[in-house]
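Protein sequence lines correspond, in order, to chains A and B.
Going by the numbering used here, the first residue of the first sequence is number -9, and it counts up by one from there.
Going by the numbering used here, the first residue of the second sequence is number -15, and it counts up by one from there.
By construction, these hints were calculated from the structure, which means they are not laboratory data.
We treat Cβ as the ideally placed atom computed from N, Cα and C, and that holds for glycine.
It is possible that part of the hints are untrue.
As the list claims (entries may be wrong) - Under 7 Å between C-beta atoms, here's a sample of chain B residues computed to sit facing chain A:
| # | residue |
| --- | --- |
| 1 | Q35 |
| 2 | A36 |
| 3 | T38 |
| 4 | T41 |
| 5 | R46 |
| 6 | V47 |
| 7 | S50 |
| 8 | A73 |
Stated by the list, open to error - Covered stretches of chain B, going by a simulated chain A footprint (3 or more residues, C-beta under 8 Å):
| # | region |
| --- | --- |
| 9 | 57 to 65 |
| 10 | 95 to 106 |
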Amino acid sequence: MREVAVIGVGMNKWGELWEKSHRRIWTEAALAAVDDAGVDRVDAMYVGCMSGGLFVGQEHLGALLADELGMGPIPGTRVESACASGGLAFRQAVLAVAAGAHDIVLASGVEKMTDVDGGAATYALSTAADQEYECYQGITFPGLYAMMARVHMERYGTTRRQLADVAVKNHAHGLLNELAQFRMKVTAEQVMGSAAVADPLRLLDCSPITDGAAAVVLCPLEMARKLSKQPPVRVAASAHATDRIALHERDDMADLASTRHAAALAYKQAGITPKDLSFCEVHDCFTIAEILVIEALGLTARGKGGAAAGSGLTAQGGKIPVNPSGGLKSKGHPVGATGIAQIREAVLQLRGEAGKRQVPKARWGLTQNMGGTGASTVVHIFERAEGRKR
Amino acid sequence: MIGPVRYWREIPQRYRYEAARCSGCGKVFFPPRLVCNACRGREFKPVILPQAGTLETFTIIRVAPSGFEDQAPYAVGVVRLADSVKVTAQIVDCDLETLATGQKLRLEFRKVQQDGASGVLCYGYKFVPA
């Protein structure tokens, strides 16, 4: 297997992009990544998109978008794994380059969520849960995460205030991200006083509905310096794991087993431990999700994740900054694009190009992207290539 | 959309609570499936879900999905039935303010929703305080 590097990243401003179509949003981000890498061709491309069909009535994205980019007839593959579609698209690109099937590969993600009303968007997102045995009964995604939160709160003493602290931290981080959808400071009081959605979760515990795309360019590490002027970032690990899709089928509803399994594989591949990480970009689709994820990644002990945001452990300047980009909470969550945007942030941080939100001396970065209530997780670890002793 | 055929296919589970017990390791599956995810066994014996359960976790849905708007606020929980299968369902005829985990519940047959697009009346199981 060949070692793989990321040599280009692209993303546009996320938000409610009324004037832009699904294909336009994607093409902007893809062109930005190709231009950033400085390559004149792409040999294959992968597109993470959860539900082009339900959000804009458009499937067959591999062919459509390869042509939009002017790269036809290259193979274009659409990848779906609910909210982990972007991370999984990147993993397919890594495998293709590592296996020697292709040299220059574009990995991308897109979701156009505001062409439908809130009810239709909620329905499209709910298809990531068990339709017949969860959604049929009237549960929603905020409701499923609310039930996970209640287990964590009752078992470990996690407080309502600690959930709010995650939103406060990630919005503070997002203030420094010029592409974020919601660049605003929020207080714990505002979070706890926002509209109740599914007890104990409130509106400001939830990530938003977003239009957006992101893309990155990969190539073999040994070709990176020849192909691109950018400092290469090495893909040190790529891991994917699954779990039961229905929350009620899991033995422990407060344990993200797929994240735990993928993280263990990734740490082994990279030859590092959680202590070596400089920062993480994780899937904070709800405030409780970040708490569950950092425990599953081994950043804190089981049951201790609640205190991490409020204590400063996971804030900028803390021991292990989590979501320096602002996370899904502030940056936005166009579901298929989220996993790729996390990787873009990791690459910028490891190049030292993250501007005001730069994590000092960043060497190792981890991204964690999950689907549903955690039935799919993709974990990647990246290393600043020039920092590596050979 | 919950069309008539898709609805009809689940009737053994929704009306009669039919489950399956793995002949190899004894694990119960609801709905029944072809392969046991614990021992990979492929032989099962039909069983009926017990109707007494305990509330393991729950939420109060304030922002309801389509088909449920006129029911909000309502409680949905994960209920552990007597022989350890857990199911997701609404908890009704209860006080939303005092509902608590650990509460003993009983399964009842109720109307669950009316699918707006297909017009199918959807029945199934909900829980009430025991």
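Checked hints:
no., hint, in the structure
1, Q35, "violated, 16 Å"
2, A36, "violated, 17 Å"
3, T38, "violated, 13 Å"
4, T41, "holds, 4 Å"
5, R46, "holds, 5 Å"
6, V47, "holds, 5 Å"
7, S50, "holds, 5 Å"
8, A73, "holds, 5 Å"
9, 57 to 65, "holds (count 4)"
10, 95 to 106, "holds (count 3)"
The structure is inconsistent with the numbered hints 1, 2 and 3, although it conforms to all the rest.
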